[in-house]
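Enquirer: Read off the chains here:
Protein chains: 2
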Amino acid sequence: MLPINIYLCKMIEDKNETRTSLSELGEFGLIKHLTQNFGIQHKSTIKGVGDDAAVLEIKDKNILVTTDLLVEGVHFDLSYMPLKHLGYKAVVVNVSDIYAMNGIATQITVSIAVSNRFPLEAVEELYEGIHLACKTYGVDLVGGDTTSSTRGLLISITAIGEAKKEDIVYRNTAKPNDLLVVTGDLAAAYLGLQVLEREKRVFEVNPNSQPDLTNYTYLVEKQLKPEARKDMVELLAALDVIPTAMIDISDGLSSEILHICTQSNVGCNLYEEKIPLDPQVISTCEEFDLNSTTIALSGGEDYELLFTISQEDFPKIKGNPHLTVIGHMTDESNGVNLVTRAGQQIKLTAQGWNALLNK
Amino acid sequence: MLPINIYLCKMIEDKNETRTSLSELGEFGLIKHLTQNFGIQHKSTIKGVGDDAAVLEIKDKNILVTTDLLVEGVHFDLSYMPLKHLGYKAVVVNVSDIYAMNGIATQITVSIAVSNRFPLEAVEELYEGIHLACKTYGVDLVGGDTTSSTRGLLISITAIGEAKKEDIVYRNTAKPNDLLVVTGDLAAAYLGLQVLEREKRVFEVNPNSQPDLTNYTYLVEKQLKPEARKDMVELLAALDVIPTAMIDISDGLSSEILHICTQSNVGCNLYEEKIPLDPQVISTCEEFDLNSTTIALSGGEDYELLFTISQEDFPKIKGNPHLTVIGHMTDESNGVNLVTRAGQQIKLTAQGWNALLNK
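Residue numbers (the working numbering), protein chains in the order written: chain A, 1 to 359; chain B, 1 to 359.
It is worth saying that the hints were derived from the structure and are not from the lab.
Using N, Cα and C, we set each Cβ at its ideal position, and we do this for glycine too.
Accuracy of the hints is not assured; some may be wrong.
Below, a list of computed lysine-lysine pairs in the DSSO-like style, where the Cα atoms sit at most 27 Å apart [what the hints assert, rightly or not]:
no.: 1; chain 1: A; residue 1: 347; chain 2: B; residue 2: 32
no.: 2; chain 1: B; residue 1: 316; chain 2: A; residue 2: 164
no.: 3; chain 1: A; residue 1: 347; chain 2: A; residue 2: 175
Label pairs and their computed distance ranges (CB to CB) [what the hints assert, rightly or not]:
no.: 4; chain 1: A; residue 1: 32; chain 2: B; residue 2: 59; range: 29 to 39 Å
no.: 5; chain 1: B; residue 1: 36; chain 2: A; residue 2: 265; range: 15 to 25 Å
no.: 6; chain 1: B; residue 1: 344; chain 2: A; residue 2: 150; range: 39 to 49 Å
no.: 7; chain 1: B; residue 1: 59; chain 2: A; residue 2: 73; range: 40 to 50 Å
no.: 8; chain 1: B; residue 1: 121; chain 2: A; residue 2: 217; range: 45 to 55 Å
Using the sequences and the accompanying hints, generate a full structural model.
Expert: If you want it as structure tokens, here you go:
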């Protein structure tokens with residue numbers, strides 16, 4: 001596991017480190033340099049980096065493809081996001097989408113655009129994180145593109161995965177009376193970001209301050225080094241449960257529930273008291289005077305899996321500490337509601353983090 | 001075919017056009033809005049846009065994957081690149097990599113990052129070009145990501161293709177005595193760029209000037225609306241020729257020959273007098289006082305295919321107007337040489353356009 005170090009610009013600004021200009025290697029040299037130690041883990045990877053395209057051979061399987069674009073200043077802030085963590089997280093958010101289909105991620109392509117403020121060592125650190133994620137999740141790096149940008153860093157990753165046709169779980173297949181289940185707990189990643197942004201403001205006022213993150217380790221780790229729930233896909237297979245619908249939680253619980261309901265033409269009752277929260281989430285919400293339910297609904301970046309199962313599968317998941325039933329699906333006419341601790345029904349709206357409004 | 005219109009900022013700056021803020025639609029609304037008319041062309045596309053990942057089903061075929069990242073200010077200049085052309089070209093450069101494997105492109109994902117200087121109409125125009133390219137090349141748009149950028153426009157495309165295992169052509173399988181063949185002609189795209197940049201400078205001095213591009217139509221079209229050589233992959237199949245090695249010409253002939261030679265451990269003699277050039281290339285090189293051979297070697301962006309064939313296949317391609325034999329492969333010890341019109345041998349170096357140095 002990566003240590004959680006808060007760099008606060010150290011990596012970029014430390015003038016004592018060795019620097020190698022990216023242009024010394026050239027584009028092809030850079031790609032080769034960065035990817036030479038990646039290796040190949042899948043028999044299906046016939047050809048990885050080094051030709052016009054990667055070649056994958058997969059029989060009797062369906063192929064899954066997903067892609068994400070991460071932009072400096074929009075999706076991440078390098079003043080508290082170490083590049084190694086960023087590389088790791090960029091892979092995580094992509095393979096998470098493959099797991100959300102109940103598939104297994106097998107390959108990724110990674111494209112980056114970097115301005116010349118980044119030395120080779122910075123890009124290497126980014127790729128260290130990408131490499132670690134490849135090993136952790138068992139995916140092969142099979143291609144990519146490296147170019148310059150006029151400003152900042154940008155990462156585009158495409159993940160490819162596979163699954164048996166009958167195992168793939170879509171968003172649009174939830175049924176009324178299905179149970180709504182979430183893995184792990186929610187809201188920690190968003191609060192981790194709030195903590196880091198507070199420390200950044202403190203640092204900007206007093207650059208000699210050292211942040212004390214002892215009380216926020218779980219939150220900060222969920223923000224800086226989230227994990228995709230490959231383990232939950234494996235757990236569901238071991239429990240012999242195929243969800244009726246599934247999605248990963250990238251934009252916030254509210255937004256993801258609405259995706260499932262809209263695409264499946266069903267309603268939902270979500271129970272506030274059932275939403276799983278870590279004790280650090282509860283204490284930090286009190287400290288920041290935030291409502292933990294609002295954060296769980298709208299915070300985003302949890303990368304937990306949200307899925308529906310038919311009621312007859314309930315005994316298989318009952319009591320499992322990783323899985324929490326947080327509601328049930330209904331007829332579409334019921335609408336999509338939060339049932340509060342006080343028993344009130346409140347219509348859910350997509351307050352999820354919106355990339356286009358976040359600018 | 002798209003008309004060649006030189007917009008010179010018109011699209012971005014024309015205040016009379018209707019504007020819709022991107023944030024009005026939100027990210028999901030925008031993706032849906034932009035992709036709703038794309039449709040599905042391949043039986044292998046089980047699920048396109050709208051879930052966590054696309055699902056492809058392909059039996060008895062190898063899968064090809066390639067990706068490219070295009071950055072405003074590095075790869076394109078919107079003052080003379082209309083957005084519709086840009087969208088078209090972004091697809092072309094990706095599917096070109098699939099054809100360079102002797103495969104057929106089947107799906108693409110498209111991710112874009114846009115600053116809020118772009119109204120919806122601009123993004124729509126970009127997607128019109130993407131859509132046209134999808135239809136022209138018979139590929140399905142199966143996913144993507146849309147986000148904001150702090151500055152400028154960025155496009156990341158991943159193309160997926162398929163081919164029978166025995167038909168795939170790599171870069172590292174050329175043999176001594178193989179013939180070196182190129183499709184179409186070279187150097188036009190680079191010269192088109194020079195013409196457009198000259199017109200831009202004229203426009204900056206006198207915004208009322210109207211560029212006269214009558215003498216440069218072929219060059220400008222090769223720059224603004226290049227085509228990938230799917231037709232050549234089909235022609236090779238019809239001629240029953242499987243190249244021994246193949247690559248597409250994105251960075252310049254010199255760089256691509258060196259890729260084949262380095263990866264195949266062979267040498268090459270390239271004959272200057274054989275390099276195919278359009279008459280507009282020759283006349284414009286004279287006008288700009290440029291050496292046409294240098295431009296063909298280093299210009300880039302031609303997106304023609306460069307391949308090697310065994311000598312016994314020569315009768316199959318002999319006299320074909322689309323294919324020109326420009327040299328032959330040798331033992332590695334011979335090195336990689338340009339044989340000039342005067343009979344001199346000059347060692348080839350990778351002077352191809354380098355994305356990282358171009359900044």
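Enquirer: It remains to establish, for every hint, whether it holds in the given structure.
Expert: Cross-check of the supplied hints:
1. Restraint check: the Cα-Cα separation between residue 347(A) and residue 32(B) comes to about 24 Å, which is no more than 27 Å; the hinted pair holds.
2. Our distance criterion of 27 Å between C-alpha atoms is broken by residue 316(B) and residue 164(A), whose separation comes to about 43 Å.
3. Restraint check: the Cα-Cα separation between residue 347(A) and residue 175(A) comes to about 19 Å, which is no more than 27 Å; the hinted pair holds.
4. In this structure, residue 32(A) and residue 59(B) meet the distance hint of 29 to 39 Å, their C-beta atoms being roughly 34 Å apart.
5. Between residue 36(B) and residue 265(A), the C-beta spacing of about 18 Å keeps the proposed range 15 to 25 Å intact.
6. Checked against the hint of 39 to 49 Å, the pair residue 344(B) and residue 150(A) passes, with Cβ atoms roughly 41 Å apart.
7. Look at residue 59(B) against residue 73(A): about 44 Å separates their beta carbons, and that is inside 40 to 50 Å.
8. For residue 121(B) and residue 217(A), the Cβ-Cβ distance of about 47 Å falls inside the hinted range of 45 to 55 Å, so the restraint holds.
Checked against the numbered hints above, the structure violates only hint 2.
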